[in-house]
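These are the residues of each chain, in order.
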Amino acid sequence: MSGKTYRATGINLRRMPLGESDLLMTILTRENGLVRAVARGARKANARIGGRTEQFVVNDLQLYRGRSLDQLTQAESLRTFPGLLQDLGRLTAAQYLAEGVLQEAAEGQPQEDLYDLLLVHLERLAATPSHQIAARLVHGVYQLLAVGGVAPEVHFCTVSHRPIAAESAGFSVEAGGLVALECLSHERAGFRLDIEQVAALQLLADADLTPASLDWNYLWIGLERLLRRHIEFHFDRPLRAATLLEMCFEPLAVPAGASPQ
Amino acid sequence: MYTRPLARLIEHLQRLPGIGPKTAQRLAFHLLRRPKSEALQLAQALVEATEQIGVCSRCFNLSAEDPCDICRQSGRQGEMICVVAEPRDLVAIERTREFKGHYHVLGGLINPMEGIGPEQLRIKELLQRVGTDTVKEVILAINPSTEGEMTTMYLSKYVKVLGPRVTRIAFGLPVGGDLEYADEMTLARALEGRREI
Ligand SMILES: [Zn+2]
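Chains as they are written, first to last, in the working numbering: chain G, 1 to 261; chain C, 1 to 197.
Honestly, the hints are just simulated from the structure, not real lab data.
None of these values were measured; they are calculated from a predicted model.
You may find that some hints are simply not true.
As the list claims (entries may be wrong) - Restricting the straight-line Cα-Cα distance to at most 30 Å, the calculated cross-link-like pairs of lysine-lysine (BS3-like) are:
1. LYS44/G to LYS22/C
2. LYS157/C to LYS100/C
3. LYS136/C to LYS124/C
4. LYS44/G to LYS36/C
5. LYS160/C to LYS124/C
6. LYS4/G to LYS124/C
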């Protein structure tokens, strides 16, 4: 294999049409982080690469290093998540995760932890019943942020650093996490969270959610808004996929008071 | 490097999709080498197209008349609406000469990551059509991509409650293609869409 050709394992996060029949792919690879590569002729109906360019397909890839963009020369699919395509909520949540990962992932360096974690959470989402999608989404978002070291602080007050137990507390986007109530006055932009919301936030740091907590649908829908603010503040750009969540959670419109603020 | 009008021409050609600097340069030199009348005809065609073509207020296909040719044709079955993302998809289906119903052009697909939601597409207008006309079947001729799936799931949810049957075109092996070369996703789709013979 020549020096310009390389192999990687990656999951397709985004595909955009390019030129007459090409695709511009953004792939999270385990070995090289985010890779932007052109798949030539991939939009033609008889393209050999076919469905392997679809979003959330995991491929064994062969790439050719180009001057500005790499070229995808071969792909063998290793894994797909058909469950994602069966439900609008699952698919939107998966896109939310993908968009977060696109903001967070680095280029040109291994992203093994982020990659492995994304697959775990997509797999969970792909099998999630509608009323637990919000829980799975919020947990996935938190965990993906945590692996990059940018998750909000949920165990200590970000102002006084005292541990926060089962109590109501504030949340400050600027401070990057929970704020003890006695410190909240210093943080003008703080949200007030009740005991349940604080407890739920703290659960997010665990590798998996407890079965009971998966059913706290309204609580998670509220916390999604909070995490969304955190992400948008941190990366300084809107999360576009998030704005479509309401469309999917619409049958369970958020009751007044269930969301922070 | 170029005299000013030539530089401007190249610059404008370069803005077209799929045209890089090299191709733009080649096109510009070609236009200048040909008789002047050809270039003027091209310019006039551009002006006329942009001035006269709008969208049909029923199906949102590109058209110089409103309603468009297809919506006005008397031989077409009004109880069938084929929903496509873009006008070029409509053209592709028309070329088959197999479909005799009406169309509805959405103007794109739901794409959360690009910030395109249902309210930016002609979905409300489709639901209005389905709700008022005597539509018996809505055929979704939409790409099997993630965005296509999202749009299909969204549409079927809202169209079905209005009564008509909602179908989707089949996906699978390209005619003339070899089964052994088909990728797993395509084969899975083909299996899913199998039918009794
Ligand atoms: Zn029309």
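Okay, the hints, checked on the actual structure:
1. LYS44/G to LYS22/C: holds (24 Å)
2. LYS157/C to LYS100/C: holds (25 Å)
3. LYS136/C to LYS124/C: Holds - the C-alpha atoms of LYS124/C and LYS136/C are around 18 Å apart, at most 30 Å.
4. LYS44/G to LYS36/C: Judged against 30 Å, a Cα distance of about 37 Å means the pair is violated.
5. LYS160/C to LYS124/C: holds (14 Å)
6. LYS4/G to LYS124/C: violated (50 Å)
Checked against the numbered hints given earlier, this structure breaks hints 4, 6; the rest are met.
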